[in-house]
Amino acid sequence: MPRPGFVLDVDRSTPPTLFWRGENFSLERLPAGRSRVIYPPEPLPALKDIDGAIRTALLHPIDQDPLPAQLFPGMRLTIAFDDVSLPLPKMRRPDTRQRVIEAVLDMAAEAGVDDVHLIAALGLHRRMHDYELRHALGDRIFDAFHPRGMLYQHDAEDYDNLAVLGTTDHGEVLEINKRAAESDLIVYVNINSVPMDGGWKSITTGLASYRCLSAHHTGETLQNTRSLMGHREHSALHKSIWRLGTLLRDSGPKIFQIETTLNTDMFPEQFSFISSREWEWSARERATYLATTKALSKVPVKMARKIFHSIQGPHQMTSVQAGETSAVHERTLAKVYEQQLVHVEGQTDILTLGIPFVCPYNPDGVMNPILVMCMGLGYLFNMYRNKPLVREGGVIIMTHPTYRDFDPVHHPSYIDFFEQVLPDTTDPVVMGQKWEKAYAEDEWYRHLYRTGNAYHGVHPFYAWYWGAHGQQWAGKVIIVGGDPSTVRRLGFTPASTLDDAFEIASDVVGRTPTVTHLHVPALLVADVH
Amino acid sequence: MADQRSVPLSRLRQMAKIGDAASSALQAALAPVRSLGFPYRKPTVPRGVTVPEPAPSLGAHFDTDWARGSLARAARRAFVAGPMRAAVQWLASPAVSGTDRLADLADLDPPPALIFAPNHHSHVDTPLVITAVPEPWRSKLVVAAAADYFFDTRLKGTLAALALNAIPIEREVTSRTSSDQLRRLLDDGWSVVIYPEGGRSPDGWGQDFKGGAAYLSSRTGAAVVPVFIDGTGSIFGKGMKRPRRGRTSVVFGAPLRSADDENTRRFNARIETSVTALGDEALSDWWTARRRAATGESPRLTGPDHQGWRRQWALAERRKLGRAGQRRRQKRRWPDLG
Amino acid sequence: MSRLVFSRKPMRFAAARVASSLMPGRGAAVGPLSLEPDEQLALPSPEWVRLRPRLAGICGSDIALVDGTASAYFDPLVSYPFVPGHEVVADVVDDPDGARRVVLIPVLSCEVRGITPVCDACAAGSVNLCERAAFGHLEPGLQSGFCTDTGGGWSNEMVAHRLQLVDVPADLSDEDAVVIEPTACAVHAAERYSGRHTAILGAGTMGLLTLAAITVRAERGEVERSGPIVVTARYPEQRRLAKELGADVVCAPDELPRWVRSASQSLVMGDQLTGGAADVIDCVGTSDSVQQALRVVAPAGNVHLVGMPGNVTLEMTSLWHRETCIRGCYAYSRADFARAIDVVRRFSLGRLVGATYQLREFHDAIAHAANAGRRGTVKVAFDLRPKEGK
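Protein chains in written order, with numbering that gives the first Met the number 0: chain A, 0 to 528; chain B, 0 to 337; chain C, 0 to 389.
Note that these hints are calculated values from the structure, not bench results.
Think about it this way: if two alpha-carbon atoms lie no more than 25 Å apart in a straight line, the pair counts; the simulated BS3-like pairs of lysine-lysine are:
(1) A:Lys238 - A:Lys386
(2) B:Lys139 - A:Lys47
(3) B:Lys155 - B:Lys240
(4) B:Lys319 - B:Lys237
(5) A:Lys433 - C:Lys242
(6) A:Lys253 - A:Lys177
Modelling step: build the complete structure from the supplied sequences, incorporating the hints.
Take a look at the structure:
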C-alpha cells in the first residue's frame, strides 16, 4: 500500500534534504525546529490491465453513448492528443497516447471509418520532432498515418484552417482548428499530469488560434489566477476557459473526451534516490547519489543535459475515463488529487524549491532563465490548493544554475525576450501592453513556429505570465547558484549558497523565519489550511 | 550437371592426387592395428540371435534437460548475444517492431511464460526469433523443433539443444511425451517458440496453422504471442543451397488468450488471423491492416487458391511489398559514351 | 620640459606588435616611442605660430602606432621622427591679441603646406581629402602629430599654421576643448546619417561622439528620425553614456543581429538577415566588426567605416549579392569644427575625458587608453598644463 504524502518537521537528526539544481542535485541542511519538508505521496498502484481498462472506458463512457455507437462509415473523425510537454520526463514506451489511440482506431476500423485525422494539439508550443511523434504514438500509428498526411500538428497561425465558432458573453472569440470544428466527432486523448490541465482546456487551448488564446493568456488574467492547480472558481484563467468550453459544447462539434491519470513513479529504478525519503536511502542509493552528483559536476552541462533528457519514466496509468468532457474531468481531478494531494497546516515565511532540468516547455531542450522563472513561480509555487505555501510578502528561494543559455531551435523568441524585454520591464502587464504584439506578429517567429520546431513568438510572454501570481505574492525571490547577472535580469536576487540566501531573506522575514521545502520532483499539490 | 562441368579438369586431377596420397598415408599408419580383431573391434552377431532394439534416444525421445542447466544456459546466452546476433544482423538485418505490445507483461513479476507462434519459411527464422524476442523472455526460451529433422542424429540433436535450446516435437500429431514436456516447461516459466505451420513453407506461401500452440495455450493458460516474420524465405528458403543476404522484419502481436467459450479450433483460427493481420501490417501499414482485418479482407498468408504459375506470380508481387523487396538502390552507372 | 618622440625603428615596431598582442597598450614600453628632451622647432613660414599644448588626447590611431598594429600604408604618409598628438587644445605663444586658447585642426592641407594652386579637394573645402598630403615645403605628414616639422600634442611645444587654429569659446573647459577634434570627425560621419534604421558598432570615443552628433542633427530637424538607432556597447559605462546620448537601443555586440532583426522585421538565412539596418556605422574597424556590419546591413544599404580598419579579412559574397556599399569616413572639413563645438556644448562632452596623465607617465597613459572601455573610461589625455605653485 503506497504511503500518503506527509509533512516532516525538520529537527537536529533530520538528514540534509535533496534539492534539484538543474542538471544536478545537492543535499542542503534546513534550519532545525522551524523548517518542514513536504513529501509527495508514494505512487498509487497502476491499473492491472491497462489495455482492458481503456477498452472498458471506451465502451462504457460517462454521460455518452459507447464510442463504437458514435462511429459510422463515411464520417469525419478527428483524434487530437496532448503534445510533448507532458508527461515529464518522457514516458517509457508504449506511451499512453499510443495505447488509447490504437484502441480508438481499432474501433474506428471495425466501424468502417475511413476519414480519420490525427492532430497534435500543441497550441502555441513547438511542433514535435518526428522522433517525438513516433515515441508518443508508436511506430504503427506513425507509419500508417504520417506518410499520408493524416497525422499532423495543429497550427495556430494557419487562418485558412481555423474556424470561428462563436463569441462568449465576455467577448472571448472561440476559434479552433477547422478540421476539428467540421468533424462529426472529435476524440481528445489527454494525459493529466497536473490538475491545471484537461477538461475544456484541452481543446480550447490545444487546438485554438493565437487570437483565441490571447484572450485569456494575459498578465492580468494570470495575476488573478489565484489557484492554478486548485479551485477553478479562484482561477480567472480557468473561468475564461470554461466559458469557451461551454460555448464549444453548445455550438461546436461532438466531443468524446478521454482523460488518463498517471501515478508519480516518474524516474527509473536507478534514480530511486530522487523520490525516496532521505533517511530511508539505502547504501546503494547513497552510492548512486554520490556517483551521480560527482559525475555530473565533472561533465560539461551539454552532456549532463543529454543524459537527463534521455531518461524515460515508468509513469504508470492509474485511471482512464471517457465521455462528456466536464463529467470526465471531474473524475480525473478526483484521481489526480488522490495521487497528489498532501494536507498542510499553515503558511511559512520562506518557500524553498529545487528547480529541475526540465519544465513543460523544454522537453529535449535547454532550461533557459525564463523557464526557470516559469517553473519556479509558475508551476511549483502554484502547486497548492486554498492558499500558497508561503505567506504573502514571504520569500521564495530556488536552487538552479540559471545559466544564460538558450536553445536556438526551440526558443528563438526567448533569446530576444531576454535581451530586449526583460531589461526594459519584468512586469507582466506592462510587457503585455508594450511588447507582446510585436513578438506575436513577428514574421520570422511565425515562420519558425509553423515550419520549424520553435515555440510561437509570443510564448516567452506566456511563460512569464505563468509566474505572474507568484511574482506578485513573493516579497523577494532568491536563486541559489545562478549566474548573478542573469538572475538579476529576471528581477531576482542571486545567492551563492542556501545559507547566504537565508541571510539575504532575513531583510524581509527576519532572523528566525519558518521554512517550507517542496520535495519535488514527484508532483504534489499542497492542500494548505 | 552444368555445375560440375564448370570445375576445370586440371583441378579435378589435382584433387584426385591429393586423395591418393592421403589414403596411402592412412594405410601406412593403420597397418599395425589392422590385423587386430575383437575386443578392439565391434563384435559380430551370431546367427539366430536377435539383439533387442536399444531404447529410443533419438527423435522425440532425445533428452534435452541438460541444455537448461546453468552451464549450458550461460554458454547459450553468450552465443546468442555474440555470434548469433552478429550473424543474424549480417545475414538478415532484421527490423523488429511490436515489442511494445509485450511491455505490460514484462513489468509483471515474475514475467509470465509465453508461447510465441511465428509463421515459418526458413531455418533462419529460429535464430531470428531468438534474437528478436525481448528480454526477459529471450533468456528463458525453448524452441519446439521437428523431432524427425533436428533430432535424427546425436550430433545434430546436441547442437540444436545447446545452441537453440531446441526440444523435439512431432510435426503432425503431438504425442503425449512432447506435450507433457512442453507443459512442464511452461509451468517452470520457460517460454516456447512453436511454429504452428509445422514446417517450413514449401513454395514461399504460408501453410494452414496446426493446432499445437492453441492446444498448449488452452491447457496451460499461457498466452500466445502471434509473430510475423517477413523476408526469410528469400534468404534461406526451403530448397536453397546456400543463404543469401537480405532484409527481414519481425512483428510481434498483442498476446492472445483463449476465451472461455472458445474451443481450440476456433482459438487456432484466431491465432492464424492475428498472424495474417500482422503480415498485412508489416507489408502495408497498421491502419490499413486494421481496417482490412475488421472486414476480413486481410491478404492471406497461404496465398491464392489457384495453383501453378499464378501462385508464384502473386508471391513475387507480395515480396516486393516486404522489406526484402526494398533493395538498396543500385548505384547509378552512366553509359560510357567514349 | 620634454616630448614623446616616435622614431622609425623597425625592430622596436615589431617588438611593440608582439607585446601588444599579449596586452593592448604594452607597446609603449618596448616600442619606438621614447621620452626625450625638448627641441625647438623652426617656424616653416611667417604664417606659422608656436603653440603650448594644454591637453592632448590619445586617439585610437595613436595607440595603433605605439602598439605596432598600424598599417604600413601610413609609412609614406608620415615623416620621422615625429611627436604624436593631434587632439590638442593649446595656448598660442606670444599672440599679439593676448591670451588665446585654440583647438588645432591637425589636417595639413595644401594651404598649410604652402602649395599653390591648391588641389581640387582643398579648393572645395574638403581638406580631409587633400591630394598633396605628402608634398609641399613640409615633410610628409598626414596631420600634425605625424609630421617631423610640426611637432605634436604630446610635448610642451609645437608649431601650427594660423589656418589650423580654431578659438575655443570661454565657456568650454580644456577637457571640452580636447574632444572637439574627435567630435569634428563624428560630425563629418553624422552627415551620412539618413534618419532610417541605423546601427552604430562600438561605443568608444568615436561611437559615442558619432551618436551625439547624430542626435544633435536630429534635434535640429536637419534629418527626420524614421528608424531606431541601435548601438553596441561592451561595458556598462559605455552603455549608460550611449543611452544618454540618444540611442534607442544599446546592446552587447553579440546581441546586435537579433535586435536589428526584430527592429527590421527580417527573416534569417544562415547568419545573414534578409533585411537589416539601412546604415551601419562601424566605429571599431576590425574584421569581426566589419563582418558583422555586412550581416546586419539591409540590401543596398551602406556600411560606413569610421574606425580605422587596417588589414581585415572579409566574406564579401553578401556585399556582392546584396549590393551593399562599404565607404570610409575620415576626418572633417574646417566647417565641421563649428558644429563640433555645439555638439560638445550640448552634451558637455568634456566629461568623456576620464583620466589625464603627465608625459613621463606615458606607459600608464597608453595602457589605460588601450583598455579604456574595460576600465570605465572613454577618453584619456596627457595633461601638459603647468602645475600650480611649481
